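With chain A's structure known, arrange chain B on it following the hints.
Protein chains in written order, with the working numbering: chain A, 1 to 621; chain B, 1 to 177.
Since the hints were made in silico from the structure, they are not lab data.
Remember, it's a predicted structure, so these values are computed and weren't measured experimentally.
Warning: the hint list may mix true and false statements.
Once the Cα atoms are required to be at most 27 Å apart in a straight line, the calculated DSS-like pairs of lysine-lysine come out as [stated by the list, open to error]:
1) A:Lys-585 <-> A:Lys-177
2) B:Lys-79 <-> A:Lys-332
3) B:Lys-22 <-> A:Lys-609
4) B:Lys-66 <-> A:Lys-609
5) B:Lys-66 <-> A:Lys-332
6) B:Lys-66 <-> A:Lys-409
7) A:Lys-409 <-> B:Lys-131
8) A:Lys-177 <-> A:Lys-383
9) A:Lys-168 <-> A:Lys-383
10) A:Lys-168 <-> A:Lys-585
11) B:Lys-79 <-> B:Lys-131
12) B:Lys-66 <-> B:Lys-128
13) A:Lys-168 <-> A:Lys-134
14) B:Lys-79 <-> B:Lys-66
15) A:Lys-177 <-> A:Lys-134
16) B:Lys-66 <-> B:Lys-22
17) B:Lys-128 <-> B:Lys-22
18) A:Lys-383 <-> A:Lys-409
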Amino acid sequence: MALLQISEPGQSAAPHQHRLAVGIDLGTTNSLVASVRSGVAETFVDRDGEHLLPSAVRYLVDGQIEVGQFAHQAAPQDPQNTIVSVKRLMGRGHAEVQQMHLPYEFVDTDSAVPRIHTVAADVSPVEVSAEILKSLKQRAEETLGGELVGAVITVPAYFDDAQRQATKDAARFAGLKVLRLLNEPTAAAVAYGLDRGSEGVHVIYDLGGGTFDVSILRFSRGVFEVLATAGDSALGGDDFDQLIVDWMLQQAGLDNDRRGSRTLQHQARDIKEQLTDAEQVEVSVERPDGSVWQGEVTRDEFNQLADGLIRKTLLPCRRCLRDSGIELEEIKDVVMVGGSTRVPRVRELVGEFFQTQPLVDIDPDRVVAIGAAIQADVLAGNKPDSEMLLLDVIPLSLGLETMGGLVEKLVPRNTTIPVARAQEFTTFKDGQTAMSVHVLQGERELVSDCRSLARFELRGIPPMVAGAARIRVTFQVDADGLLSVVAEELSTGVKSSIEVKPAYGLAESEIEQMLRDSFDYAKEDMVARNLREQQVEADRVLEAINAALAADGEALLSTDERANIDAALVVLQQARNGDQIQAIKRAIEVLDQTTAEYAARRMDASVQKVLKGHKLDEFQS
Amino acid sequence: MDFSQNYFELFGLNEEFEVDLKALSSRYQTLQKAMHPDRFVNATEHERRISLQQAGQVNSAFQTLKDPLARARYLLELKGLLVDDEQTTIRDIEFLEQQIDLREELAEIRDNVDPLGSLLEFMAQLEKTLKVCVEQLKQNFAVADVTALQQCQMIVHQLQFLYRLRQEAEALEEELL
Numbered sequence: 001m002a003l004l005q006i007s008e009p010g011q012s013a014a015p016h017q018h019r020l021a022v023g024i025d026l027g028t029t030n031s032l033v034a035s036v037r038s039g040v041a042e043t044f045v046d047r048d049g050e051h052l053l054p055s056a057v058r059y060l061v062d063g064q065i066e067v068g069q070f071a072h073q074a075a076p077q078d079p080q081n082t083i084v085s086v087k088r089l090m091g092r093g094h095a096e097v098q099q100m101h102l103p104y105e106f107v108d109t110d111s112a113v114p115r116i117h118t119v120a121a122d123v124s125p126v127e128v129s130a131e132i133l134k135s136l137k138q139r140a141e142e143t144l145g146g147e148l149v150g151a152v153i154t155v156p157a158y159f160d161d162a163q164r165q166a167t168k169d170a171a172r173f174a175g176l177k178v179l180r181l182l183n184e185p186t187a188a189a190v191a192y193g194l195d196r197g198s199e200g201v202h203v204i205y206d207l208g209g210g211t212f213d214v215s216i217l218r219f220s221r222g223v224f225e226v227l228a229t230a231g232d233s234a235l236g237g238d239d240f241d242q243l244i245v246d247w248m249l250q251q252a253g254l255d256n257d258r259r260g261s262r263t264l265q266h267q268a269r270d271i272k273e274q275l276t277d278a279e280q281v282e283v284s285v286e287r288p289d290g291s292v293w294q295g296e297v298t299r300d301e302f303n304q305l306a307d308g309l310i311r312k313t314l315l316p317c318r319r320c321l322r323d324s325g326i327e328l329e330e331i332k333d334v335v336m337v338g339g340s341t342r343v344p345r346v347r348e349l350v351g352e353f354f355q356t357q358p359l360v361d362i363d364p365d366r367v368v369a370i371g372a373a374i375q376a377d378v379l380a381g382n383k384p385d386s387e388m389l390l391l392d393v394i395p396l397s398l399g400l401e402t403m404g405g406l407v408e409k410l411v412p413r414n415t416t417i418p419v420a421r422a423q424e425f426t427t428f429k430d431g432q433t434a435m436s437v438h439v440l441q442g443e444r445e446l447v448s449d450c451r452s453l454a455r456f457e458l459r460g461i462p463p464m465v466a467g468a469a470r471i472r473v474t475f476q477v478d479a480d481g482l483l484s485v486v487a488e489e490l491s492t493g494v495k496s497s498i499e500v501k502p503a504y505g506l507a508e509s510e511i512e513q514m515l516r517d518s519f520d521y522a523k524e525d526m527v528a529r530n531l532r533e534q535q536v537e538a539d540r541v542l543e544a545i546n547a548a549l550a551a552d553g554e555a556l557l558s559t560d561e562r563a564n565i566d567a568a569l570v571v572l573q574q575a576r577n578g579d580q581i582q583a584i585k586r587a588i589e590v591l592d593q594t595t596a597e598y599a600a601r602r603m604d605a606s607v608q609k610v611l612k613g614h615k616l617d618e619f620q621s
Numbered sequence: 001m002d003f004s005q006n007y008f009e010l011f012g013l014n015e016e017f018e019v020d021l022k023a024l025s026s027r028y029q030t031l032q033k034a035m036h037p038d039r040f041v042n043a044t045e046h047e048r049r050i051s052l053q054q055a056g057q058v059n060s061a062f063q064t065l066k067d068p069l070a071r072a073r074y075l076l077e078l079k080g081l082l083v084d085d086e087q088t089t090i091r092d093i094e095f096l097e098q099q100i101d102l103r104e105e106l107a108e109i110r111d112n113v114d115p116l117g118s119l120l121e122f123m124a125q126l127e128k129t130l131k132v133c134v135e136q137l138k139q140n141f142a143v144a145d146v147t148a149l150q151q152c153q154m155i156v157h158q159l160q161f162l163y164r165l166r167q168e169a170e171a172l173e174e175e176l177l
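Okay, chain A solo, but in the shape it has when bound (with noise of 0.2 Å):
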């Protein structure tokens, strides 16, 4: 009897079920998985007791799929198959990977996204990282003993929208639903500043490896308030084991096509990863004859060589602290996070640069999946009371293609999201009736400079004289830094919009295609995959308004109107108990639809009541 399962006012559904969230750090190199148990977080380890899961995914010919330390292992054997340092190929295009001399063999396809030749499958850089994130959720799984109701995913913040877009079609892959994108530094400042209770400015300075960030925050009453972040996705801890390579080979007096050798690359990666406690260190290269060279490297040669790529970090610094616009005085700490902040000429040049000695004394690979976890748990609601909130930034300004190929910027870098902006255009020509509208993101001028996320046409533009139709186009970003764009044309009211899936990232058609055709899922698994996501959908809207109508659903309804959804409660209800996906789909519109004003009543309601709690400690601070 469906009636009964309605909560009555003051008893909503088991209040303090703790409900199964995790952080996850999707790094370039390692990847780890972390959750709140007993108001704690922490990371959790595999079989092995590891906490790090290498970032390597191998495909063997049987179709099985490896990841994690066995296909770390076995890149250097089997380079083709092996797939490493995905992280860097998200939201990438077909030229782009081509030029990062890789081992992979890309085949030719029609979709925007480059695809490898493996000896099981081809695949896309996204199917590739959601199997890292599938061995994720199952070790969370087993360790917490249940289901996931979500993960907030961390993302380097310097990652653009089709970056992001393309780690969130990753976690629809795996299975794990997005509480929140979280920006790898802001996550770590959650980690650091909360352990600390150290209020003030901060400055996160992340150096992966593969990508580059750097965020000054200030952190004030529970409020991570992110000023500035800048960046570099593609600088990290692999361009000094490059480096390392490429010193070897010159040694060794080897051609400069063994550059992408795996075997020379876990060698390099070690050599430099000794160099932090020693002072030198012995190399040995074996020729493809079958001698050896023999030698050593000492730290000074090795700081000598990475100098540059330093360097390069210490321009997007200042940068940040200009659009901060924080004294160099006003920092509070430097906090250095990412396994390659582990280079003593890292630090020294970073402290130089900030005039401080930067912290390195918590564990800088731990840091952001704790933060993400502590992000997750508030998120799931299973601190309800918590004042913390995190204000981040978009790393990158948003824009439009105007004439002449110049790019008009809607939302300037570093500006608080969630934010929406609009700007009216016009016609150009007599009649014009559509109109092209090029979304780009990027710092400079032209557009051929700038990335290109979409493009789309507003169509239905009644004819009239150039300059006399008025077009507004509005950008909408949300709190996962992601980009919705709509365009209309203001005197007839023609709307046309588009969900930003960016030039570099998979069409809606594609992705399902792909879930369909992947090993995991048989056809008629697709049908129960989608009716079982419906039906959570169902129970978390079902929750949701339970929970609120016991709370003030007495003191914000009429007796009609608590009817009404009522009524639509049990209509949902009895959807989600059936098997009927459009059902559940329709009851859930209807319900949304008759809940519409007292959400609206809520929201307000919700607003002057802390306003009020805190007009009075606003005016003595």
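Structure of chain B alone, referenced to chain A:
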């Protein structure tokens, strides 16, 4: 929350040029704590949509009130004195000449013996000029009669020039580093 009220009302501030930045920032955090989408992850679709819109509006309001140029423009707009970038031309010949000189100076820095040093000096000087303009805005908004507000309009125009110059200087700095 009534979002038809203007940004000053939204932030509980008097409608004037001088704002208490600390109070502004504190009120901003309070508003976001109530409205940010992170507070509505498990709420109904409608509440999530409203939260997205309102948090966006609070962000825009904060950006506008925080920056002196944006704030001045907004204040003039509220008083019905819209600053139209394209149609108004600056009549202050002295200011225009000064702008042309500054631009030339910036363009020539590249060929100096120590371009970066000269640029940093140039930028420091620019910051001083900006401060003077903001100070003038303060005084004129305090008087707020017809003449003073016209003066404000003119200063806003000048500030727009200077902001653009600052952007160009920063672009050059990145190039030189």
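How the hints compare with the structure:
With a C-alpha separation of about 18 Å, the suggested pair A:Lys-585 and A:Lys-177 falls inside the 27 Å cut-off, and the hint holds. Straight-line distance between C-alpha atoms of B:Lys-79 and A:Lys-332 comes to about 41 Å, which puts the hinted pair past the 27 Å bound. In summary, the hint linking B:Lys-22 to A:Lys-609 is supported, as the alpha carbons are separated by about 22 Å, within the 27 Å threshold. Between B:Lys-66 and A:Lys-609 the alpha-carbon distance is near 25 Å, which keeps this suggested pair within the 27 Å criterion.
A C-alpha spacing of about 23 Å is found between B:Lys-66 and A:Lys-332, which places the hinted pair at or below 27 Å, so the restraint holds. Restraint check for B:Lys-66 and A:Lys-409: the C-alpha separation of about 20 Å stays at or below 27 Å, so the hint holds. At roughly 26 Å between alpha-carbon atoms, A:Lys-409 and B:Lys-131 fall within 27 Å of each other, so this suggested pair holds. Taking the CA atoms of A:Lys-177 and A:Lys-383, the gap is near 19 Å; set against the 27 Å cutoff, the hint holds.
Under the criterion of a C-alpha separation no larger than 27 Å, the hint pairing A:Lys-168 with A:Lys-383 is consistent with the structure, at around 25 Å. Of the supplied pair hints, the one linking A:Lys-168 and A:Lys-585 holds, its CA atoms being roughly 22 Å apart against a limit of 27 Å. Annotation: proposed proximity of B:Lys-79 to B:Lys-131 holds, straight-line Cα distance about 24 Å (limit 27 Å). For the suggested pair B:Lys-66 and B:Lys-128, the alpha carbons sit about 19 Å apart, so the restraint of at most 27 Å is met.
With a C-alpha separation of about 13 Å, the suggested pair A:Lys-168 and A:Lys-134 falls inside the 27 Å cut-off, and the hint holds. Taken as a hint, the B:Lys-79 and B:Lys-66 pair is honoured in the structure, with Cα atoms around 19 Å apart against an allowance of 27 Å. Restraint check: the Cα-Cα separation between A:Lys-177 and A:Lys-134 comes to about 12 Å, which is no more than 27 Å; the hinted pair holds. About 10 Å separates the Cα atoms of B:Lys-66 and B:Lys-22, which keeps this hinted pair within 27 Å; it holds.
Proposed proximity of B:Lys-128 and B:Lys-22 is supported: the alpha carbons are some 23 Å apart, at most 27 Å. For the given pair, A:Lys-383 sits about 39 Å from A:Lys-409 by alpha-carbon distance, which is inconsistent with the 27 Å threshold.
Violation of the numbered hints given earlier is confined to hints 2, 18; the remaining hints are satisfied by the structure.
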